[in-house]
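Those protein sequences? They're chains A and B, same order as listed.
The opening residue of the first sequence carries number 7 in my numbering; numbering runs sequentially from there.
The opening residue of the second sequence carries number 24 in my numbering; numbering runs sequentially from there.
Be careful, since some hints might not be right.
Stated by the list, open to error - Restraint-style ranges between C-beta atoms, simulated for each label pair:
# : chain 1 : residue 1 : chain 2 : residue 2 : range
1 : A       : 201       : B       : 167       : 30 to 40 angstroms
2 : A       : 29        : B       : 149       : 32 to 42 angstroms
3 : A       : 71        : B       : 31        : 38 to 48 angstroms
4 : B       : 167       : A       : 166       : 42 to 52 angstroms
Just so you know, the hints here were simulated from the structure itself, not pulled from any lab data.
Computed from a predicted structure; not experimentally measured.
Glycine included, every Cβ here is placed at the ideal spot set by N, Cα and C.
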Amino acid sequence: MPGNPQLNANGELQHLLSTEGLPREILVQILDTAESFAGVTEREVKKVPLMRGKSVFNLFFEPSTRTRTTFEIAAKRLSADVINLNVAASSQSKGESLLDTVANLSAMQADVFVVRHGSSGAPYLIARHVKPHEHVINAGDGRHAHPTQGLLDLYTIRHYKKDFAQLTVAIVGDVLHSRVARSLIHGLTSLGVPEVRVIGPQTLLPAGVEALGVRVFHDMRAGLKDCDVVVMLRLQNERMDGALLPSAQEFFKHYGLTADKLALARPDAIVMHPGPMNRGVEIDSPVADGPHSVILPQVTFGIAVRMAVMSIVAGN
Amino acid sequence: MTKLPEAEALLPKLAAQLKARVTPATAMIGLHTGGAWLAERLHPLLGLKEPLGFMDIAFYRDDYAKEGLKHDPKRTRIPFEVEGRDLLLVDDVLYTGRTVRAAMNELFDYGRPRSISLVVLVDRGGRQLPIAAQYCGAQLEVPAGMRLRLKRAADGKLSLELERAG
Numbered sequence: 007m008p009g010n011p012q013l014n015a016n017g018e019l020q021h022l023l024s025t026e027g028l029p030r031e032i033l034v035q036i037l038d039t040a041e042s043f044a045g046v047t048e049r050e051v052k053k054v055p056l057m058r059g060k061s062v063f064n065l066f067f068e069p070s071t072r073t074r075t076t077f078e079i080a081a082k083r084l085s086a087d088v089i090n091l092n093v094a095a096s097s098q099s100k101g102e103s104l105l106d107t108v109a110n111l112s113a114m115q116a117d118v119f120v121v122r123h124g125s126s127g128a129p130y131l132i133a134r135h136v137k138p139h140e141h142v143i144n145a146g147d148g149r150h151a152h153p154t155q156g157l158l159d160l161y162t163i164r165h166y167k168k169d170f171a172q173l174t175v176a177i178v179g180d181v182l183h184s185r186v187a188r189s190l191i192h193g194l195t196s197l198g199v200p201e202v203r204v205i206g207p208q209t210l211l212p213a214g215v216e217a218l219g220v221r222v223f224h225d226m227r228a229g230l231k232d233c234d235v236v237v238m239l240r241l242q243n244e245r246m247d248g249a250l251l252p253s254a255q256e257f258f259k260h261y262g263l264t265a266d267k268l269a270l271a272r273p274d275a276i277v278m279h280p281g282p283m284n285r286g287v288e289i290d291s292p293v294a295d296g297p298h299s300v301i302l303p304q305v306t307f308g309i310a311v312r313m314a315v316m317s318i319v320a321g322n
Numbered sequence: 024m025t026k027l028p029e030a031e032a033l034l035p036k037l038a039a040q041l042k043a044r045v046t047p048a049t050a051m052i053g054l055h056t057g058g059a060w061l062a063e064r065l066h067p068l069l070g071l072k073e074p075l076g077f078m079d080i081a082f083y084r085d086d087y088a089k090e091g092l093k094h095d096p097k098r099t100r101i102p103f104e105v106e107g108r109d110l111l112l113v114d115d116v117l118y119t120g121r122t123v124r125a126a127m128n129e130l131f132d133y134g135r136p137r138s139i140s141l142v143v144l145v146d147r148g149g150r151q152l153p154i155a156a157q158y159c160g161a162q163l164e165v166p167a168g169m170r171l172r173l174k175r176a177a178d179g180k181l182s183l184e185l186e187r188a189g
């Protein structure tokens, strides 16, 4: 593939497919733009006219309520028209191919496709076949990437910690199945976070994860020591093959975030979670609802970040 | 081409015009970036009660479809109630009028002001919309291919600069 499939000939963001390979300047541009949109979302009138007349198609081949909803809200706040397609329930079950579905929607004058798909790489395939004025945003593909979630995590960290240059960030739990973890790790290393740790049992960490530039810990207490940011991952029950873990209770005992484990991190540490949470599995309720938790602000920031991504790609 | 006026010399003239007519209840908003610099200088001279507001009209521009999103939009911050207020909108250079149109649209998403007056350091002509400044430091004829901009030096001094539009 010539160059970066996410960028156009001028080096601007044409599609958002992954945080991997995104130039640092574009990451910063997205975070800065999101900060301006955060001001809009705090107003009485939470809407700007920027994308009037543009159509955003939410193309979800895999069920998701939260991500689809935040994309829908973001598009509406940009004054775009939003069309939600639960593709899993319609075309696909009638045997239509992915590219035929997209070609049909393109004939309905789409400007932006927000794609979630169970297969890694599906948004790339679509991005290679859309017209030059059409843009693809990856809303999660298989185990590969979930770049807007990674970006909203970066936004949240910058909001509370101001600067990436001195931070220690720990990502805890089921890294193996987590596209969120992968997107966040690429973003953190691009923005110059000096220490990114992954904490989890051998069976839930991808082989060779060190190659991403992270330190691996199997002992959660050792891994949490002096962390500024703790990112808990959802234990992906529906992806679990069975043999990876003895039980959820056993997992909680070793890798669940409790107040006494969190006490090993820095006193001003923040706790994040991409949601939806399994309370009592990867995170204890008092921590999820406690003073270190920024889990709900993450959701709010996610709207501003998605507004930024949509308006940047649709304008390029 | 006429010689460019000194921005620092225009400032007191503009402030004098404003002082004659503005009440302390009036609020001021500077448009990023040049208008914000100008507003920061004018605001303390007028004894206004409300803190200064700042606006970036990036999300209200009429050329998004053609130009896309400006690279570094600043956050709009209006630290007072817009509803029912007399407002001064401050920009450095008035040209086509499109920025002011966008700014007024954004303002109305904050509330319904009682009035809006436009304050500019220089009116360079070339209007494309029916917009006029109520307070103006100088009028200049600038050819269409040129860009007239306000600059701020490290010591805070303002100056006007003419360059070829790229």
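Against the structure, the hints:
{"no.": "1", "hint": "201/A to 167/B: 30 to 40 angstroms", "in the structure": "violated (55 angstroms)"}
{"no.": "2", "hint": "29/A to 149/B: 32 to 42 angstroms", "in the structure": "holds (37 angstroms)"}
{"no.": "3", "hint": "71/A to 31/B: 38 to 48 angstroms", "in the structure": "violated (58 angstroms)"}
{"no.": "4", "hint": "167/B to 166/A: 42 to 52 angstroms", "in the structure": "holds (48 angstroms)"}
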